[in-house]
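Residue numbers (this note's numbering), protein chains in the order written: chain A, 88 to 308; chain B, 88 to 308; chain C, 21 to 222; chain D, 21 to 222.
To be clear, the hints were calculated from the coordinates, so they are not data collected in a lab.
Just so it is clear, CB atoms sit at the ideal spot from N, CA and C, and this is done for glycine as well.
Please note that a few of the clues may not be correct.
[Said to hold, decoys possible] Pair ranges (Cβ atoms, derived):
#1 Leu111/A / Ser301/B: 33 to 39 Å
#2 Arg281/B / Glu113/D: 36 to 42 Å
#3 Ala181/B / Ala195/C: 54 to 60 Å
#4 Ala181/B / Arg58/D: 50 to 56 Å
#5 Leu252/B / Ala89/D: 58 to 64 Å
#6 Thr175/A / Val193/B: 53 to 59 Å
#7 Gly129/A / Arg187/B: 51 to 57 Å
#8 Ala216/A / Ala50/D: 46 to 52 Å
#9 Pro212/A / Ala50/D: 51 to 57 Å
#10 Gly187/C / Glu304/A: 39 to 45 Å
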Amino acid sequence: MHGVHDLGGMHGFGPVAREENEPLFHAAWEARVCAFEEILCGDDRSFTLDAFRAGIERMAPANYLRASYYERWLASIESNLIHEGVLTNDELEARIDLLRRDPDAVPPPAVVAPPPAPRAQPPSPPAAAPSFMVGDAVMTRNVHPTGHTRLPRYARGKRGVIQRLHGAQTFPDTNAHGLGAHPQPLYTVQFPARELWGESAEPGQSVSLDLWESYLERAPN
Amino acid sequence: MHGVHDLGGMHGFGPVAREENEPLFHAAWEARVCAFEEILCGDDRSFTLDAFRAGIERMAPANYLRASYYERWLASIESNLIHEGVLTNDELEARIDLLRRDPDAVPPPAVVAPPPAPRAQPPSPPAAAPSFMVGDAVMTRNVHPTGHTRLPRYARGKRGVIQRLHGAQTFPDTNAHGLGAHPQPLYTVQFPARELWGESAEPGQSVSLDLWESYLERAPN
Amino acid sequence: MANDPEQEPYVALRAKALESLLIEKGLLTAEAVDEHIREFEQDIGPLNGARVVARAWVDPGFKARLLQAGAAIGELGIPGGGNLVVVENTPAEHHLVVCTLCSCYPWAVLGLPPTWYKSFAYRSRAVIEPRAVLREFGLEIPDGVTIHVHDSSAEVRYMVLPERPAGSERLSEAALAALVTRDAMIGVAKVAMPDAAAVAAG
Amino acid sequence: MANDPEQEPYVALRAKALESLLIEKGLLTAEAVDEHIREFEQDIGPLNGARVVARAWVDPGFKARLLQAGAAIGELGIPGGGNLVVVENTPAEHHLVVCTLCSCYPWAVLGLPPTWYKSFAYRSRAVIEPRAVLREFGLEIPDGVTIHVHDSSAEVRYMVLPERPAGSERLSEAALAALVTRDAMIGVAKVAMPDAAAVAAG
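This is chain A alone, in the form it adopts within the complex:
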């Protein structure tokens, strides 16, 4: 999707602010949210990494820009768990209310039931053999999907050269939406900056992206 998360080439965010001796986390809750994601996210766990990223991207644009990093993570973990039926929004709101009124409230004893099985993914055909070789010229497709994609907006309809083959990898555009892994050949594609940014490009620069085969077409000569 063309969301505000697709930041490459955007203007208006000012200089890069750095913090001296930055701590690993800025608050205890950030560390816990980071751990939740590690525990819950994975192909055979509560939600896939692609679904996690798509959950962040689905945030309302103003909220995405206003929220801090781990706030965005928390929002996506919540929305994915709700989507997967692991919990409901009402449960979450009720628990927030309970802990707001009584921070030391002891929740009911843990039900020692096995966690719900992750949602079965639709089967995928095996990946096809790569269509491109290192050195081949390719064009990225001029596509504007409304769903999750890893082809950034700045690199649509642009000409590049295959630099590396990475074998077949899960296709995020389907996997993020529970439509299956559909592995495809993944390539590193190198673009001259001038192809991407025209005369606004700085001199002597390339940008490389890791792109799935269905993002690519053979470039005309």
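Keeping the supplied structure of chain A fixed, place chains B, C and D upon it in accordance with the hints.
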């Protein structure tokens, strides 16, 4: 600039919400801000329309998305008046404080001095004759200026056809930054939606934009 | 679009402070502000556009001049047509107006734009999925009809001349003008005969 | 990036509520969360990457294997190199790593990313004006040097092998590792000898 204001083709903003029997303004202050802009904005007034638009676009992206429409207008009027030296941020803050403490505070009697003269614009050469005719195929340039521009991001590096000539008009990219009017021929350029959105385009659609000559190059055959 | 109710008093205060300073500096008067607001409320608005549309429907000569140059609205005593382009909807072509970069709108004929026209949703979507947007407005455009979206990126302003509804042959110019809606002149609606509208609403 | 201090207590409360529910549902335990945090804090971090760089500087065979396949970090007992690509800075080519779409980062060798790497400013600007960004980091890249920006759009992770600083010939592998900074392995800094760094800071 590639700012969040450049919304054409973006996803994630949901359906178009409409209000039945919408009032002309939703609060009295909105009407007054709208009138301020009418009074202050113009080529021979406190700031140009291009500078007014650029002032909105310079808002921090999260603020732009969070603010309401006339809040964005107010922010740009304030920043342009401060930029032009008509008032200072300190004056504004002090007046806000005064009126917060005493809503009926009577400001000092109006100084019946003539308003400050608008900043003189640098001279511009006269516009050249148009290089394109109706029916000519053109390519928009693949440019990514950091300043104000009226070539939306979705229409960069795209092929279209000249549909109308409008004569020479002030060039916003310079005028917005106090660099002069530099009038150029203005054209309506029509693009097939497929050129802009590829296979994501809906069937049977065109998009027309009004574009200045320096945004355009003659298209290769 | 966020119009945070808690923030509104602060915005109103900011606007009041600015007006107070501008009066003090001689850049405006409260009376001039009031007068502009009166103009927004009384002098401009879609009634002007509706008069233009009705005249074009009944007067082929005017219609030809109007499509040639929007300045023809001056013939009806409406100023500000110098940068106006009027585009005509037909059974084969449908026009739609948007401003993706800000909120350019033909004030001379339509007055101030409605909030939805200025919304991020309309500005982002009208150029990439106009049929989907029009469907939300209740307007289904058949696949055979071409949609022309006009993204108002300069000082040219666009107004749509809607199709005259079938069955309106015997209506007076004033009665025709009463049928023409703001939405039809933006291109998100068609003009309907009153009966047809009642049937559709039923 | 906004980290609204007034909102933070509410976010902390939301995180606490979520953990409480997830424990109740058997999806995690507080102890597992604690253990992951311990790993973030103690087991992963840029020291792993620094060891890799120092080894590559002193062992040409290892360097060749590393540039061929990042899995070579396994030779140092560091897991997770299966999707790692190591790119080498030279006097003619400078590499820089970013993730414009989210915040992909080589955890195996660098640990968790710093906030600036995840910032909207870095994500937006590194691909379109890397020289300007590097200048803000105090790194001037001469025009004759090509800058290669790696936008981590898939599960491949990138680490920069910085240039070995002049004058470091007699340092031990451990002493070399101590010179290597996280920023140098992202590509926003060079590795400097301690004296040179002191001079630069003076």
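Tested hints:
1. Distance hint check for Leu111/A and Ser301/B: the Cβ-Cβ separation is about 50 Å, which falls outside the suggested range of 33 to 39 Å.
2. Look at Arg281/B against Glu113/D: about 39 Å separates their beta carbons, and that is inside 36 to 42 Å.
3. For the pair Ala181/B and Ala195/C, the beta carbons lie near 57 Å from each other, so the given range of 54 to 60 Å is met.
4. Range check, Ala181/B to Arg58/D: about 53 Å between beta-carbon atoms, so the 50 to 56 Å window is met.
5. In this structure the supplied range 58 to 64 Å holds for Leu252/B paired with Ala89/D, their Cβ-Cβ distance being about 60 Å.
6. Distance hint check: the CB atoms of Thr175/A and Val193/B are about 57 Å apart, consistent with the given range 53 to 59 Å.
7. Take Gly129/A and Arg187/B: their Cβ atoms lie about 53 Å apart, and the range 51 to 57 Å holds.
8. Between Ala216/A and Ala50/D, the C-beta spacing of about 48 Å keeps the proposed range 46 to 52 Å intact.
9. Judged by the Cβ atoms, the range 51 to 57 Å given for Pro212/A and Ala50/D is violated: they are separated by roughly 42 Å.
10. Checked against the hint of 39 to 45 Å, the pair Gly187/C and Glu304/A fails, with Cβ atoms roughly 51 Å apart.
Violated hints, in rising order: 1, 9 and 10; the structure is consistent with all others.
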